[in-house]
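Chemist: Produce the entire structure from the sequences given, and follow the hints as far as they go.
Quick mapping for you: the protein sequence lines, in order, are chains A and B.
By numbering that gives the first Met the number 0, the letter at position 320 of the first sequence is numbered 319, and the numbering carries on one by one without gaps.
By numbering that gives the first Met the number 0, the letter at position 205 of the second sequence is numbered 204, and the numbering carries on one by one without gaps.
In case anyone wonders, no lab produced these hints; they're calculated from the structure.
You may find that some hints are simply not true.
Stated by the list, open to error - The following label-pair restraints were derived from C-beta to C-beta distances:
#1 A:82 with B:263: 44 to 54 Å
#2 B:348 with A:384: 30 to 40 Å
#3 B:245 with A:375: 31 to 41 Å
#4 A:94 with B:263: 50 to 60 Å
Virtual Cβ for every residue (Gly too), placed ideally from N, Cα, C.
Number of protein chains: 2
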Amino acid sequence: MQKSRKPDQVLQRKRIIPPATKLVSLFGDYGSTEFVLRRGGHLRNVQIAYESWGELSLNQDNAVLIFTGLSPGAHACSSVEDPTPGWWEYMIGPGKPIDTNRFFVVCVNSLGGCFGSTGPSSINTETGKPYGLDFPELTIEDIAKAGHHALHELGIDHLHAVVGASMGGMTALAYALQYPDELDYLVSISSATRALPFTIAIRSLQREIVRNDPIWQSGFYKQEAEPVQGMLTARKLGLLSYRASEEWLQRFNRAKVPTERKQETAFGIEFEIESYLDYNARKFAEVFDANSYLYLSRAMDLFDVAEHGGTVNAGLARILAKRSLIIGVETDILFPIEQQIEIAEGLKKAGRAVDFHYLNSINGHDSFLIDKEHFSPVVEGFFQKTSIALESSSRDPYAN
Amino acid sequence: MQKSRKPDQVLQRKRIIPPATKLVSLFGDYGSTEFVLRRGGHLRNVQIAYESWGELSLNQDNAVLIFTGLSPGAHACSSVEDPTPGWWEYMIGPGKPIDTNRFFVVCVNSLGGCFGSTGPSSINTETGKPYGLDFPELTIEDIAKAGHHALHELGIDHLHAVVGASMGGMTALAYALQYPDELDYLVSISSATRALPFTIAIRSLQREIVRNDPIWQSGFYKQEAEPVQGMLTARKLGLLSYRASEEWLQRFNRAKVPTERKQETAFGIEFEIESYLDYNARKFAEVFDANSYLYLSRAMDLFDVAEHGGTVNAGLARILAKRSLIIGVETDILFPIEQQIEIAEGLKKAGRAVDFHYLNSINGHDSFLIDKEHFSPVVEGFFQKTSIALESSSRDPYAN
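Modeler: Structural data, given as structure tokens:
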């Protein structure tokens, strides 16, 4: 072979907070600025980044809160201020399934994230340095609580709906568990009541790959030298779990990259599937903070609805949403369809109204980001149903 | 969190050639000591490590050749010389499914491996140093050819059967493709005619993890400092693909490790599934050569039966085995059942006799190593059938 390995292209960090993303400072617990976390840690001066679309109604009954998956920030959809497409552009907007002509939609960047909300890369005001691994242990419940408190700071005490997919779906469940009286409807897409061992293993390995990167420096790396190679490889493993083998068979099969794209490094890129993973993982590794990745990833492992009532079903029974939309995807290997059935069945057993949809999208766990064709009508139908309820129950008698 | 990461326990290399493993020097191509590889490279003074059990019959018609998966050496089963259990102990031996009272069974360590056969960690006699990445590009066909030549050196020109599982199954196919007239029966377990993109991606990532380890040194690491941490993490990803989520759900679910086994490193082992992966991957990382891993892993990506005839089915039609046993496992995500069906159907289309078995083992791709209950009767039945044929066709009229 006799190829020497060339150093990898240096990845430049480009972590930019999108222009329409705003910050809200949380008023903490116990009348202080202290935000207490579920596993005992605490944070001061927590800020949550968010974007919003549409107008809050007079009686404040049309707010929809969206929690994100692991990767994106608050820029879920475009606006006049920021016309670039958001991560769920097809789903949110005027006349879209989550219709901003009708709803006041807020998307928050998760606590622990790196797109404006307080996270491990934020400056710890007590030390003047980034938290790094001094950031306290994070849970999905804490992310839900931070979102909840952020909405309160924005003057919203009750939600029409909480919506989330993937980690965001777990967060939506955590919201409904912790604030059962403060929402009317729940949307959980490709989510889970708890992580299965296979999923824990995949995420644990992603973290190990990042931790193996010598530049990670036990979590106390400098902003000018982040463990990008570890993040790149870890993200490729993430992508493997987010998509489905059938999709890749159809798209790439065994196609090889043309000579000009073939890596000259030994055991470098030779197949199109390798090139695809590299291209897509690079986009993430260039912008995402490694410690945020570790904290959010572990938070998903730790989440367990059974902690809210003794068993999963007892936990689900605490959710009081008037109606829940539960969506699962056949090709999802990370949050498999059985876990969506578990949520739907658990809610039904507790006497709650559930719309359950089992979609045969080919894009695996990531289908909600891609498969507009299958997802749009289901989400649109659900919100049309909930808005009829909204209109009949809350019509302002003095209007017109 | 404030846990500093302790350095990982230093892994000691213990690459020991088992005591019953013998070496055979290959007589090369063109009447020289040169062994020419499929992709153009060449090797001199190739040695192949093997073990054998049972006695070769007078008319040399009872030889069974076993090719291994990626990980094991030639020690497939115990013997007087080496009573330690082999990697397929339940399958091979006196009175066992591959019955050494009846068959002369030979298992070879793959060319490119690190348990005695010539591989990247062997000394290149031309330089006096280990090959490292100077080892030529390796294919499954080369591994089959080295096994074939080794058997010829042992005086065996015709095989009763070639047997292999996983990479060994690919190698058995490659043997049958390259030497169609030199075997009577073929056994392919959880194998493939070619790697799917999902499988290529998993293996590509394992290689990337090894290559990320700074100790890998572009493949020219020293024997006293091998990239064990990279191998450890890579092997965990391997294990993820070898086993099945259902099995782990049953065995571990969300059990946490007891405090004394909890890693004090940040984001260290907390769940039993993480501990299981670490324990099992360590056993491999301690003994397996990193470059052997890279070469054998890439060889599986490159294998494609379609190279032997234009299409997969045209390739399969070149296999002339009198009867083939094809076994697949329902929970195998690495070499999925569809790929086993493809082999069986392809052989049938070409008019070959096929016994196809679809086993519902819970142990995923690794089932053949573990699930004696399902595998034993199938393999035993097949070899009973082939030995009846053997006895009726080759009975020595002067015996007794």
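Chemist: If you check the beta carbons of residue 82 of chain A and residue 263 of chain B, does the distance land in 44 to 54 Å?
Modeler: holds (49 Å)
Chemist: Using the Cβ atoms, figure out if residue 245 of chain B sits within 31 to 41 Å of residue 375 of chain A.
Modeler: holds (33 Å)
Chemist: Using the beta carbons of residue 94 of chain A and residue 263 of chain B, state whether their distance is inside 50 to 60 Å or not.
Modeler: holds (54 Å)
Chemist: Using the C-beta atoms of residue 348 of chain B and residue 384 of chain A, is the stated range 30 to 40 Å upheld?
Modeler: Distance hint for residue 348 of chain B, residue 384 of chain A is violated at roughly 52 Å.
The structure does not agree with numbered hint 2 stated previously, though it agrees with all others.
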